[in-house]
Amino acid sequence: MASNLLEIVYLIASVTFIIGLKMMSNPKTARNGNLIGAVGMTLAIIGTIFLYDGGHEVSAITYVLIFGAIAIGTVIGWMSAKQVKMTKMPELVSLFNGMGGACAALIGLIEYPHAVETVEGFGALLCIVLGLLIGSVSFSGSIIAFMKLNGTLSKAIRLPSYNMLNNVFLVALFALAGYVLFGSDVPSYTIYALLAMSLGYGILFTIPIGGADMPVVISLLNSFTGLAAATGGFLYDNQAMQTGGILVGSAGTLLTLAMCKAMNRPLSNVIFGAFGETGKAVAGSASGIKGSIKDITISDAAILMNYAKKVIIVPGYGLAVAQAQHVIKELENILEERGVSVKYAIHPVAGRMPGHMNVLLAESNVDYDKLVEMEDINPEFAQTDVVLVVGANDVVNPAAKNDPASPIYGMPILDVEAAKHIIVNKRSMNAGYAGIENELFYDPKTSMLFGDAKDALSKLVTELKTL
Amino acid sequence: MEQFLAAAAEHRQLIYIIILSIFVGVEVIGNVPTVLHTPLMSGANAIHGVVIVGAIIVMLKTETTLGEVLGFVAVILGTLNVVGGFVVTDRMLELFKKKK
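Protein chains in written order, with the working numbering: chain A, 8 to 474; chain B, 8 to 107.
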């Protein structure tokens with residue numbers, strides 16, 4: 008009776024996961040979709056606690072421990088999720104993803120001795136080894152991604168011929184996994200060696216990848232954790248874990264590819280990081296750009312914008328880092344009061360994750376209708392008086408259209424150079440993460456407003472108020 | 008070969024589930040606007056937290072102290088994944104809803 012009921016609970020949970028994800032792909036239904044998924048998850052958890060037959064009498068202490076663990080996890084998870092600043096949110100997603108991976112790895116670690124003793128068959132052992140391996144890679148990889156986004160690990164660390172090193176390490180990892188699976192009389196500590204090597208591979212895999220590519224990596228690790236959860240589902244013949252895991256695995260992979268497509272780079276390029284190397288080569292050729300950089304003062308920029316009819320703001324990574332989303336809303340308000348039409352041009356990969364910029368600007372109450380996606384806004388630049396680029400670089404680099412030798416050639420960009428004036432706010436003349444020069448900055452129509460985004464925009468707002 | 012076919016036939020339901028789930032996963036997020044990529048990633052992140060079900064099963068099954076301890080940690084980690092994932096996603100989506 009109880010186990011039949013549990014099967015129904017898992018069925019309901021699986022359906023809520025599918026419906027929830029489906030609803031999350033439409034802005035109108037997204038929030039309810041998330042709630043539906045959460046309800047299904049709660050059902051699956053409660054159902055498992057009370058209806059699962061573990062094959063022996065479960066002591067009261069075990070229940071206390073389970074509820075205790077859930078309480079601890081809920082409090083910490085809830086608090087950190089509620090308190091995190093919206094700009095720090097990608098880090099937190101990465102961290103939670105790592106927790107899921109670690110959970111899957113621990114399950115594998117605990118179940119391994121049973122599988123060996125009871126000889127539950129090759130299938131169970133395979134699930135355990137895969138869950139442990141994928142879960143650990145996902146865990147250590149997510150932690151590195153977290154540290155990179157957090158700024159703890161700011162530089163891309165590249166050991167000499169790291170691609171080679173990584174591949175050798177991966178082969179060794181698979182060899183060890185094969186030994187655990189097929190070897191006879193495998194010593195019990197081998198599983199810990201496998202755990203250590205998987206954790207090591209997660210670090211090696213993530214560490215050479217640049218901070219700006221982290222969203223793609225997190226999305227990829229997200230689908231890894233999905234697979235790890237699915238292996239647990241096969242181990243326990245648990246439908247909710249199977250559907251949930253595979254669903255996230257496939258949806259996550261598709262999402263990863265969609266992000267790569269938005270950046271016009273193949274996934275292999277992100278992972279094996281050909282970017283850094285080609286970037287250097289091109290920086291040399293691009294230094295032949297003619298023209299000079301032109302500075303603009305705060306008051307000149309304010310006057311230019313004050314008397315414009317139409318202003319388009321291009322927010323980028325720098326805006327997110329400086330947490331300038333509230334100041335930019337203030338700037339928008341003042342300009343609108345003066346009768347200037349203001350819109351935001353959102354590049355698909357602006358910010359730290361696709362859609363991240365929309366979330367940030369929504370946080371400071373920017374009207375949804377003012378956020379215009381790239382395809383829709385590009386024809387408007389020609390009728391625009393002033394484009395204000397805040398902390399964006401590669402997404403407005405004309406080299407993507409003009410220079411076939413450029414590593415970003417072919418990436419769709421915002422056609423800001425069609426506007427009458429372009430004001431670029433940047434911290435310094437350093438190249439963007441692609442490591443290439445941007446000829447837009449040398450365009451006679453472009454003026455540079457150097458400084459931290461928040462600082463420069465606040466001054467701009469103050470100046471505008473005096474006009 | 009015969010063994011392989013026998014195994015495939017025996018587990019055919021499992022194979023159906025895998026294949027159909029993959030298609031559902033692809034289908035479900037097929038036409039997502041870029042705007043929703045981040046919340047969707049976060050939402051999917053919460054859903055793979057279903058791994059917590061496995062951690063609870065471990066605790067209900069295990070008879071060793073080591074199993075209890077590791078299971079306890081696993082349940083905490085899984086809960087973090089589930090609760091944190093859903094709450095963060097809700098916070099993101101709340102922002103989308105507010106305007107208008």
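Because the hints were derived from the structure by calculation, they are not lab data. Among the clues, some could well be false.
[To be verified] For lysine to aspartate or glutamate, the following DMTMM-like pairs were computed, each having C-alpha atoms within a straight-line distance of at most 20 Å:
{"hint": "1", "chain 1": "A", "residue 1": "Lys29", "chain 2": "B", "residue 2": "Glu9"}
{"hint": "2", "chain 1": "A", "residue 1": "Lys316", "chain 2": "A", "residue 2": "Asp459"}
{"hint": "3", "chain 1": "A", "residue 1": "Lys377", "chain 2": "B", "residue 2": "Glu101"}
{"hint": "4", "chain 1": "A", "residue 1": "Lys92", "chain 2": "B", "residue 2": "Glu75"}
{"hint": "5", "chain 1": "B", "residue 1": "Lys68", "chain 2": "A", "residue 2": "Glu387"}
{"hint": "6", "chain 1": "A", "residue 1": "Lys268", "chain 2": "B", "residue 2": "Glu101"}
{"hint": "7", "chain 1": "B", "residue 1": "Lys68", "chain 2": "A", "residue 2": "Glu64"}
{"hint": "8", "chain 1": "A", "residue 1": "Lys89", "chain 2": "B", "residue 2": "Glu34"}
{"hint": "9", "chain 1": "A", "residue 1": "Lys336", "chain 2": "B", "residue 2": "Glu101"}
{"hint": "10", "chain 1": "A", "residue 1": "Lys301", "chain 2": "A", "residue 2": "Asp459"}
{"hint": "11", "chain 1": "B", "residue 1": "Lys68", "chain 2": "A", "residue 2": "Asp459"}
{"hint": "12", "chain 1": "A", "residue 1": "Lys350", "chain 2": "A", "residue 2": "Glu387"}
{"hint": "13", "chain 1": "A", "residue 1": "Lys95", "chain 2": "B", "residue 2": "Glu34"}
{"hint": "14", "chain 1": "A", "residue 1": "Lys29", "chain 2": "B", "residue 2": "Glu75"}
{"hint": "15", "chain 1": "A", "residue 1": "Lys461", "chain 2": "A", "residue 2": "Asp450"}
{"hint": "16", "chain 1": "A", "residue 1": "Lys35", "chain 2": "B", "residue 2": "Glu34"}
{"hint": "17", "chain 1": "A", "residue 1": "Lys35", "chain 2": "B", "residue 2": "Glu101"}
{"hint": "18", "chain 1": "B", "residue 1": "Lys68", "chain 2": "A", "residue 2": "Asp307"}
{"hint": "19", "chain 1": "A", "residue 1": "Lys461", "chain 2": "A", "residue 2": "Asp244"}
Structure versus earlier hints, numbers of those that do not hold, lowest first: 1, 2, 4, 5, 6, 8, 11, 13, 14, 15, 18 and 19
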